[in-house]
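Take the two lone chains, each set in its own frame, and fit them into one complex as the hints suggest.
Taken in order, these protein sequences are the chains called E and B.
When we follow the working numbering, the leftmost residue of the first sequence carries the number 50, and every step to the right adds one.
When we follow the working numbering, the leftmost residue of the second sequence carries the number 31, and every step to the right adds one.
Incorrect hints may have been included.
Stated by the list, open to error - Using 27 Å as the maximum straight-line C-alpha spacing, the simulated BS3-like pairs for lysine-lysine come out as follows:
(1) B:Lys-255 <-> B:Lys-213
(2) E:Lys-211 <-> B:Lys-97
(3) B:Lys-337 <-> E:Lys-90
(4) B:Lys-80 <-> E:Lys-94
(5) B:Lys-71 <-> E:Lys-155
(6) B:Lys-136 <-> E:Lys-94
(7) B:Lys-108 <-> B:Lys-136
(8) B:Lys-146 <-> B:Lys-97
(9) B:Lys-337 <-> B:Lys-97
(10) B:Lys-97 <-> E:Lys-90
(11) E:Lys-155 <-> B:Lys-324
(12) B:Lys-256 <-> B:Lys-304
(13) B:Lys-130 <-> E:Lys-211
(14) B:Lys-80 <-> E:Lys-143
(15) B:Lys-304 <-> B:Lys-255
(16) B:Lys-157 <-> B:Lys-136
(17) B:Lys-108 <-> E:Lys-204
(18) E:Lys-94 <-> B:Lys-146
(19) B:Lys-256 <-> B:Lys-205
(20) B:Lys-71 <-> B:Lys-108
(21) B:Lys-146 <-> E:Lys-211
(22) B:Lys-171 <-> E:Lys-143
(23) B:Lys-68 <-> E:Lys-143
(24) E:Lys-143 <-> B:Lys-324
(25) B:Lys-324 <-> B:Lys-337
(26) B:Lys-68 <-> B:Lys-97
(27) B:Lys-256 <-> E:Lys-199
(28) E:Lys-94 <-> B:Lys-68
(29) B:Lys-256 <-> E:Lys-204
(30) B:Lys-132 <-> B:Lys-171
(31) E:Lys-90 <-> B:Lys-136
(32) B:Lys-80 <-> E:Lys-90
(33) B:Lys-136 <-> B:Lys-71
(34) B:Lys-68 <-> B:Lys-146
(35) B:Lys-146 <-> B:Lys-132
(36) E:Lys-199 <-> E:Lys-211
(37) B:Lys-68 <-> B:Lys-129
(38) B:Lys-71 <-> E:Lys-94
(39) B:Lys-146 <-> B:Lys-136
Simulated from the structure, these hints should not be mistaken for laboratory data.
One letter stands for each residue in the lines below.
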Amino acid sequence: MVKMICCKNGQFKIQQMTFMIAAVFLFFVLAGLFLLSVQFKNLRKQADVIARNQAMMVAEFLAESPEFRCGGSLGSYCIDTDKIIFMINRQAYKEFWPVAYIRVYKAYPQNTLACTRENYPDCGFFEIFNSGASSTTSTQSFVALCRKEKAEVVKDVCELGKFVIGYRVQ
Amino acid sequence: MKKKNKKGIEMTFSWMFSIIAGAVILFLAIYAASRLLKTAKYEVSTVTAKELSIIFEPMETGIASGKSIKASLSEETKIFNDCYDTGTFGEQRISLAVKKGKQWSKPGAEIPINNKYIFSNATTDGKNVYIFGMPFEFPFKAADIIVLTTRSYCFINSPDFIMDELETLNLENIKFEARNCTKEDVKVCFGSGSWVGGKCDMVVYGTCSLACESDFDEGYVYKDKKNIYFSGKLIYPAIFSSPDLYECNIKRLAKKAGQLAMLYKDEANWLSTKCGTVSSAELANFGQQLNALKDSRSLVMLSGQAKALDSQIAECELW
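Pulled out of the complex, with its shape left as it was, chain B reads as follows (with noise of 0.2 Å):
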């Protein structure tokens, strides 16, 4: 009979040391090293989102009609947009996530912004984000409107002077050709819910009737099964963004409207002694309404008082 070897595999103390020694060394480097990297992820999306803040700022207008800007990104890019409109003025949140794979990174940290009005979609990916900005006027310029998008439109019957005004942009993202559309455009149809195309993804109504250069002076439009009010250069934000972004961005534009005002009533005292200017108790009075405003339905009410504001004849304009 053989003799069974009873002897297992000797093991010295300082081998199983090593071993487990390493076991632990090895995944702490491992843990550290993922933690780098995704610390690294969150670093990188971070200065993405304050250097695409930094973009906004060259938007501001001056005498110009409008800017534009393409902005390619290196990679797949989400961008978050929260908006507050508490406090003076409001402010906005930009976040932005990278797609790594099929899954998209965790969002960096949100840079807050309280001097720039940012319409798009509350969240929009794309790698190329075209941005333009234009000059809202109530009666005075209030401040810039920038409208943020990455996906491509396509505008059904749409009138000549939005088609002018956007041409004049040079935005590659927005076609005015029915029969250019492509399935993936979002259709933007102009006065009716439908064209032979098929159905359309939102509509604008014009609904202006008195003193205007179009239908679509003033008007709303219906989509995500809402209606958001628009008046003069409005229109673009309120096709361009989503309702509740929309609204609470209107919101934050009539507070500082509404502090405009404020400063133009201290002007126009101030001045009084020198020249005739726009009454500062209708001013203070126009102020306090916008401060108050409600919803965008709200400031298209305003826009008659904005306009008799506007047409008052003064020696020493203000705006």
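Bound-form chain E, shown alone (with noise of 0.2 Å):
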């Protein structure tokens, strides 16, 4: 009888123990899940905020790389729509610029109809890229559009233009 007393009691120790431990370790899994999922929060907000940056500054300064700017004497901020006709969707330049979509839209006659080589330069906006990314945002600037136009002599018409860069948010 004592025996019993005795082995009883041991394995119930043994119980509160494990019971102990197991909490313990679920104590520290959930402790650690928090911490991680507080840390990916953040770092998904950071991937959003570099992101954001990189949009800016590429919509700030692509606008005057040589696939759109004008040539000769144009200067700066103008996007030469003759050249542009043929960036639409230009295979080479598929997965070049790190950014979701590039749009060039005339400001005024607004109109909704893309630009092709057919209806070119009776159209409303050239879209020069799109990664079909489903959940993007935009930033964008103002510029020059221009192209020849050739009358008694070739001289260059230029219309108020947007610059709209797309990108993607998590």
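Written as structure tokens, this is what we have:
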């Protein structure tokens, strides 16, 4: 009889310890998961901020890249539409820029017709590139859209336009 | 005779269990903390590399002749710059490692960059990073070349135009007076392999002889027992980057110039009904040659063709 009491008491202690260890282990796991989720959230936030900064930088300087800018003496923030009409869906540039999409809109008159080689220049916007990313936001800057027109002499015809860069958000 | 005490230390089961469980928990906690610390270091290196890659965006020069920036990092940092010339435009991958005590941490994740041309040594370390950008025109602007350095340089017998261009950029890490050179400086000699102060770390030779503003409009740099060839503004990347990285980036630049030549060819065709432009056939041929370029020497050999394209008088300017 005495032996029985002794062993039951020991078993109870082992059970108690096991529960204690499981509780401590669970506590550490939960604390770790909480810490990781906080860290992951911060990382996501940081990634979004970096992506936005990059898109803003790209938007500011992409108009100046040789694929877009006007030739000759037309100067800064001028986009050559005779050139960008050939940049639409150009396969070589598919993964060149770290952005979700690049669009160039004519500011006035507003027209929702996408530009193609067939309807240019009587159209509203140029979709230069679109990655097809679903969750995006954009940043934009105003630019001059210039093209060559021939009347009696060849002259540059310029309109006000918007250069829109889309970037992915998480 | 004294009776010997044979009784050992009595330890209950609960004590033993607590000690073992405590040790395991402590070990796991220390292991997790060290892993978290390592991950945090990796994260910091990766984020800094990404931020560094964003700094390159404003180096797009537009109509400016050059731009420079000094980035001061909070810790001694090693920058790894890898270049791959495969694919349409090739790619560069930047990663960073930070110094902790005397040891470098494991490099963070590689940040791929395919729309920039960053010339530097394959690995370079320091707390201050000097970056400058200049347009690469061949004959049209193809891209901006970005030079990244951390070391200090001493230019010996450099031509005036180099001194003027670099002084305008206000770079603190380049000296032009030989008497100010220190032991730590990288000595860059122009025209001759030695100077009164000793041996040079690299020598720049100018070979331009026809229609040149300076001998150094074309030439080659002898460094690390290799000759690397330059034309125009490529003299700076040739000086500041390691030969392999230079050759890789030259191929990438040529690919970019080749794609642009094809774009200008399409535009020239389009405009040909309105006004006279550069010959689209010549542009196509030039583009093909650029796409198939093998090394920096071939690029220098194409510079005559580039000049000929630029000199075609046209009613409509493409670039």
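Exercise. List, from low to high, the hint numbers that the structure doesn't satisfy.
Key: Checked against the structure, the hints that fail are numbers 3, 5, 10, 11, 12, 13, 15, 17, 23, 26, 27, 29, 30, 34, 35, while the rest are satisfied.
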